[in-house]
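Residue numbers (the working numbering), protein chains in the order written: chain C, 1 to 114; chain H, 115 to 227.
Keep in mind the hints are simulated off the structure, nothing from the lab.
Watch out, some of these pointers could steer you wrong.
To be verified - Partner residues are not named here, just some residues of chain H that face chain C (Cβ under 7 angstroms, in silico): (1) 157; (2) 217; (3) 219; (4) 220.
Said to hold, decoys possible - Pulled from the structure, derived: some chain C residues nowhere near chain H, Cβ distances all over 12 angstroms: (5) 14; (6) 65; (7) 69; (8) 71; (9) 80; (10) 83; (11) 86; (12) 101; (13) 112.
The beta-carbon is built from N, C-alpha and C at its ideal position, and this holds for glycine as well.
In case you want the letters, here they are:
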Amino acid sequence: DSGVTQTPKHLITATGQRVTLRCSPRSGDLSVYWYQQSLDQGLQFLIQYYNGEERAKGNILERFSAQQFPDLHSELNLSSLELGDSALYFCASSISQGAGETQYFGPGTRLLVL
Amino acid sequence: GENVEQHPSTLSVQEGDSAVIKCTYSDSASNYFPWYKQELGKRPQLIIDIRSNVGEKKDQRIAVTLNKTAKHFSLHITETQPEDSAVYFCAPAVAPGAQKLVFGQGTRLTINP
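Between the sequences and the hints, there should be enough to build the whole structure, so can you do that?
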């Protein structure tokens with residue numbers, strides 16, 4: 001157990017809908033990263049927050065947004081969902097804002113868009 | 115940005131043999147070199163990392179070697195066991211400073227009994 005929690009574990013929804021994925025980092029970690037992993041694909045970095053502020057953006061679609069709250073948990077919002085958004089979404093946390101620290105991954109949320 | 119390539123993309127070895135996975139990167143400023151292991155249906159987990167001030171690091175059956183001149187680093191697993199079957203990802207980065215990890219495409223390692 002990495003100490004990072006994600007809810008829900010599974011999510012099934014329809015095209016055009018909107019969903020929210022939640023992540024709670026390890027105690028003491030200030031950075032949260034979001035990744036998308038499609039079937040048989042690698043880990044695609046989406047976005048990073050550090051202590052409530054956006055720090056880095058990757059290949060995140062405009063239909064996706066995220067935020068980190070004062071208690072450091074983070075939410076990833078996916079809207080106008082398409083079939084291709086079906087994937088495993090991981091969040092990870094680390095102590096600092098730099099990439100040179102160990103990232104601890106949550107168990108992931110498996111999203112299926114029908 | 116950093117371009118990262120892993121080779122091979124799939125690797126199958128007999129139990130007890132050794133496995134080597136190579137990661138090539140493009141950013142010469144990279145100085146942090148981690149390897150993550152992802153078992154089927156599970157989260158990625160850091161298994162070993164190295165910083166550019168050392169050329170090799172070993173932890174029991176796994177080791178990482180770094181060649182900064184050639185801009186590649188490798189994961190070595192000796193005496194492979196069935197539980198080593200997983201997808202392995204490298205993610206070189208510039209530390210501190212880099213805001214994100216760029217993961218390689220992954221290497222699927224299968225250990226045959």
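query = Holds or violated: is the Cβ of residue 14/C farther than 12 angstroms from all Cβ atoms of chain H?
reply = Fine: 25 angstroms to the nearest Cβ keeps residue 14/C off the interface.
key: Interface-negative label, residue 65/C against chain H, beta-carbon threshold 12 angstroms   = Non-interface label on residue 65/C holds, nearest chain H Cβ at 17 angstroms vs cutoff 12 angstroms.
query = When you look at the beta carbon of residue 112/C, is every beta carbon of chain H farther off than 12 angstroms?
reply = Since the minimum Cβ distance to chain H is about 15 angstroms, residue 112/C lies beyond 12 angstroms and the statement holds.
Nearest-CB test (12 angstroms) between chain H and residue 71/C = holds, 22 angstroms
message = Checking hints one by one. Is residue 220/H an interface residue toward chain C, by the C-beta closer than 7 angstroms rule?
response = holds, 5 angstroms
ask   = When the nearest CB of chain C is found for residue 219/H, is that gap smaller than 7 angstroms?
value = Since the shortest Cβ distance to chain C is 5 angstroms, the answer is holds.
ask   = Can we trust that residue 83/C is non-interface, i.e. its beta-carbon lies farther than 12 angstroms from all of chain H?
value = The assertion about residue 83/C holds, with a minimum of 22 angstroms to chain H.
request  = Mind checking the CB of residue 157/H against every CB in chain C and telling me if the closest is under 7 angstroms?
outcome  = Where the cut-off is 7 angstroms and the nearest Cβ of chain C is about 4 angstroms from residue 157/H, the hint holds.
key: Minimum Cβ-Cβ distance from residue 86/C to chain H exceeds 12 angstroms   = With a cut-off of 12 angstroms, residue 86/C remains clear of chain H, as the shortest Cβ separation is near 16 angstroms.
task = Over 12 angstroms to the closest beta carbon of chain H is the bar; see if residue 80/C clears it.
result = The claim stands: residue 80/C keeps its Cβ more than 12 angstroms from every Cβ of chain H (closest is about 25 angstroms).
query = Are all beta-carbon distances from residue 69/C to chain H longer than 12 angstroms?
reply = holds, 20 angstroms
ask   = When you look at the beta carbon of residue 101/C, is every beta carbon of chain H farther off than 12 angstroms?
value = violated, 7 angstroms
The earlier numbered hint that this structure contradicts is number 12, and it is the only one.
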